[in-house]
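Next come the chains, spelled out residue by residue.
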Amino acid sequence: MTESTVVKVGMADLNVASGGAVLRTSGLGSCVGVTLYDPVAKIAGMAHIMLPSSEIAREGQLNVAKYADTAVPELIRRLKAAGADPKRLVAKMAGGAQMFSFAGGSDTMRIGPRNVESTKLALQQAGIPLIAEDTGANYGRTVELDSATGILVVRSVQFGVKEI
Amino acid sequence: MKLFNHDFEFKMDVLREVGNIGAGNAATALSRLLDKKVDMMVPTVSLLTFDEIADRVGGPEAVVVAIFLRVSGDAPGNMFFIIDQDSARRLLSGLLSLEVSEDLAYTEMELSALCEIGNILAGSYLSSLGDFTGLKMSPSVPSIAVDMAGAILSYGLLQFGVMGDDALLIDTTFLEGGQNAQGHFFLIPDPESFEKLFRALGVPLE
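Line by line, the protein sequences give chains A and B.
The numbers in the numbering used here rise by one with no breaks, and the one at position 149 of the first sequence is 300.
The numbers in the numbering used here rise by one with no breaks, and the one at position 161 of the second sequence is 176.
Quick caveat, the hints were computed from the structure, so don't treat them as lab data.
Keep in mind the model is a prediction, meaning the values are calculated, not measured.
It is possible that part of the hints are untrue.
Sample of chain A residues facing chain B (criterion: CB under 8 angstroms; computed from the structure) [as the list claims (entries may be wrong)]:
1. G170
2. V173
3. G180
4. A208
5. L213
6. N214
7. V215
8. F310
Pairwise CB distance ranges, derived in the manner of DEER restraints [stated by the list, open to error]:
9. Q309(A) x D50(B): 31 to 37 angstroms
10. D54(B) x R209(A): 38 to 44 angstroms
11. S87(B) x G278(A): 27 to 33 angstroms
12. S87(B) x P264(A): 20 to 26 angstroms
13. E32(B) x I302(A): 48 to 54 angstroms
14. P224(A) x M56(B): 27 to 33 angstroms
Pulled from the structure, derived: some chain B residues nowhere near chain A, Cβ distances all over 10 angstroms [what the hints assert, rightly or not]:
15. S108
16. G109
17. S139
18. I159
19. G217
We put the beta carbon where it would ideally sit given N, CA and C, even for glycine.
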């Protein structure tokens, strides 16, 4: 067995990998981990999205990896630069959970589902098909995308490991 | 954050004292509840990146028990009482004299008891902070989760998310004497709340 290289993607961060390296992001709660993959060039990209829309940003220097509407286009740009063909890209996503439940939840409480909706919209606008997802519910997830196969491994405390 | 450009060290000291007063009262409450000695470490105040915050409690994938409360009122923010699984079991056996099973699943009763502990502690933290600052701060109904630290904590960072890539955290560690049960109290005031806290405490803003 060979140990493959793991490329870490932090919170509000994105990265690309190829040559059998594995992209990994840990502890997705209401955040969404979206991955794009070119199965021919075997180039993979992953973003750890925290918030649905950059319209609410009040920061000076916008961190494009943080928002669904900016992270997806940026990830496509980075993959293209790395040699992927945008027309071949397929998407998978995980996360967007609602970690805490409150009666009469406000908009902040629904952040997980909103992140999922915005990410889907951004993918749709870019014309990238979403081929698998493991989103919603109320538990945290860690995801790993293998750039050799495009398989997304989703780990959680309660349900163990699953491949999508 | 711009607010901290001036007199950084002094402002950090003030926030440390905020943690000291709040957590000091919470520690007393916990000690009464358990009828045991509870020690408290000096609070740390730090401006951390989102990833570093989860590292405080063992990394983003460490499984923790977290009680979350949203603070509303004059200086809103998020509050977490975070304990590892061993400490949760010790708290439960100390408080309820329950023999807690070793596996991951908690019963309704156990979760409810832990939630109530968090509620009492947060209540005493906030009421003493309120007395000290003259600001009105009230906790929401508590909510509990047993999951990955990263997944849980990111939830308390959303208000900071729109401002930048780091958050200011007031962290106090509790140690229950003898048995080494350990807990963290995290207070993450909303970015807008610092000005109000400083103003209430007479800290010059410029």
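These are the hints, each one checked on the structure:
1. G170: Hint on G170(A): violated, closest Cβ of chain B at ~25 angstroms, above 8 angstroms.
2. V173: violated (15 angstroms)
3. G180: Check passed: Cβ of G180(A) comes within 3 angstroms of chain B, closer than 8 angstroms.
4. A208: holds (6 angstroms)
5. L213: violated (10 angstroms)
6. N214: The hint holds - N214(A) has a Cβ within 8 angstroms of chain B, the shortest such distance being about 6 angstroms.
7. V215: violated (12 angstroms)
8. F310: violated (11 angstroms)
9. Q309(A) x D50(B): 31 to 37 angstroms: holds (34 angstroms)
10. D54(B) x R209(A): 38 to 44 angstroms: holds (40 angstroms)
11. S87(B) x G278(A): 27 to 33 angstroms: violated (43 angstroms)
12. S87(B) x P264(A): 20 to 26 angstroms: holds (23 angstroms)
13. E32(B) x I302(A): 48 to 54 angstroms: The hint (48 to 54 angstroms, Cβ to Cβ) holds, given that E32(B) and I302(A) are roughly 51 angstroms apart.
14. P224(A) x M56(B): 27 to 33 angstroms: violated (45 angstroms)
15. S108: Check passes; 22 angstroms lies beyond 10 angstroms.
16. G109: holds (24 angstroms)
17. S139: holds (21 angstroms)
18. I159: violated (8 angstroms)
19. G217: With a cut-off of 10 angstroms, G217(B) remains clear of chain A, as the shortest Cβ separation is near 27 angstroms.
Consistency note: the structure conflicts with the earlier hints numbered 1, 2, 5, 7, 8, 11, 14, 18.
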